[in-house]
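Following the working numbering, the numbering of the sequence shown begins with 2 at its first residue and continues without gaps.
These aren't lab readings, by the way, just hints derived from the structure by calculation. Check the hints yourself; a few may be wrong.
[To be verified] The list that follows gives simulated cross-link-like pairs (lysine-lysine, DSSO-like), each with its CA atoms no further than 27 Å apart:
(1) LYS243 - LYS222
(2) LYS329 - LYS288
(3) LYS222 - LYS288
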Amino acid sequence: MKKIIFSALIFIGIVLLVPTLLVTTGGSALEEFNEELPVVGNTNKNLDDVEVKKESSNSIEHIEQVAVFRAGTEVIENVPLEEYIVGVVGSEMPASYEIEALKAQALTARTYLIRQLLEGGDLNLPEGADVTDTELHQVFQNEVELEEAWGGDFDWKISRIRQAVYETEGQVITYEGEPITATFFSTSNGYTENSEEYWENEIPYLRSVESPWDTESPRYKDEREFTIDEVETLLQVTIHDKDIGEISSRTTGGRVAELIIDGHTFSGREIREALELDSSDFTWEIKGDKVVVETRGWGHGVGMSQFGADGMAREGYSYEDIINYYYKGVTIEEAESVLVHHKHTDKPV
Numbered sequence: 002m003k004k005i006i007f008s009a010l011i012f013i014g015i016v017l018l019v020p021t022l023l024v025t026t027g028g029s030a031l032e033e034f035n036e037e038l039p040v041v042g043n044t045n046k047n048l049d050d051v052e053v054k055k056e057s058s059n060s061i062e063h064i065e066q067v068a069v070f071r072a073g074t075e076v077i078e079n080v081p082l083e084e085y086i087v088g089v090v091g092s093e094m095p096a097s098y099e100i101e102a103l104k105a106q107a108l109t110a111r112t113y114l115i116r117q118l119l120e121g122g123d124l125n126l127p128e129g130a131d132v133t134d135t136e137l138h139q140v141f142q143n144e145v146e147l148e149e150a151w152g153g154d155f156d157w158k159i160s161r162i163r164q165a166v167y168e169t170e171g172q173v174i175t176y177e178g179e180p181i182t183a184t185f186f187s188t189s190n191g192y193t194e195n196s197e198e199y200w201e202n203e204i205p206y207l208r209s210v211e212s213p214w215d216t217e218s219p220r221y222k223d224e225r226e227f228t229i230d231e232v233e234t235l236l237q238v239t240i241h242d243k244d245i246g247e248i249s250s251r252t253t254g255g256r257v258a259e260l261i262i263d264g265h266t267f268s269g270r271e272i273r274e275a276l277e278l279d280s281s282d283f284t285w286e287i288k289g290d291k292v293v294v295e296t297r298g299w300g301h302g303v304g305m306s307q308f309g310a311d312g313m314a315r316e317g318y319s320y321e322d323i324i325n326y327y328y329k330g331v332t333i334e335e336a337e338s339v340l341v342h343h344k345h346t347d348k349p350v
């Protein structure tokens, strides 16, 4: 792993971040960090006191510890693998969600980690780290931090998270024998998105599916107002005679594919990112001197909807059902068998 300075590359990492999130969540994977779980500080060993791990290799057979770079304190914390998954699930999904949904989240977290370790060579990482604790990889808080965040609710919340993680211990999601890019997000607009309609790459298991449970989410709809000047500045266009432009096409999942304004063509993703909207499924209109934007859903829309996973679990579906619904043609396997396979084949992800 090349020696780099993490802080100097964090912006580049965000710009170049692709659907490996997710986590994304991004998301990194994880981008859908739940607002009820604020990230808090951590005091751990200094880098000089930490045993530096060498670059992860696809010849790994067993993984016991995860070297997590704590962005807030710039130290590396070595965490047992399943405890790391507890810290990710506790940070990425509300503990009040159904156990089967939490189990599905545990599989996405573990799968992301194994894929990250097998790929190696991540330029967004300082030397000695496997992952960061941010949305560049997966949001992570240790149990001390979770207790601080949850207060009096800590005992029942951590009990549910541990149950979900340890009842799926060692399991990962694969496609044709390889750990998948297990992207997820908070809430859909009623449908998930094909990967190539948000990012560039067509990924066979990230296909658009209906997700009707999401319409009950408190994050299903949002409305924001901008001044006309703000929109012009953010999009670098001129709005003539209050003409806000035309949505010329939508994606399979119903999000904005292309929009033309002032002779400029934008993707829905570009508008979402420029205006910091919840979703790329939006409508807008000018009312007086304001641009009013209504969005449906929260997140990029690719992969597993967390609210949809909870909805499926409430209807009696298992975590296996949830995984196989949101990720098409995949298999749930033991991580050790995937790692042993790579040890003997030296096959890149």
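Which hint numbers doesn't this structure obey?
-> Those not satisfied come down to hint 2.
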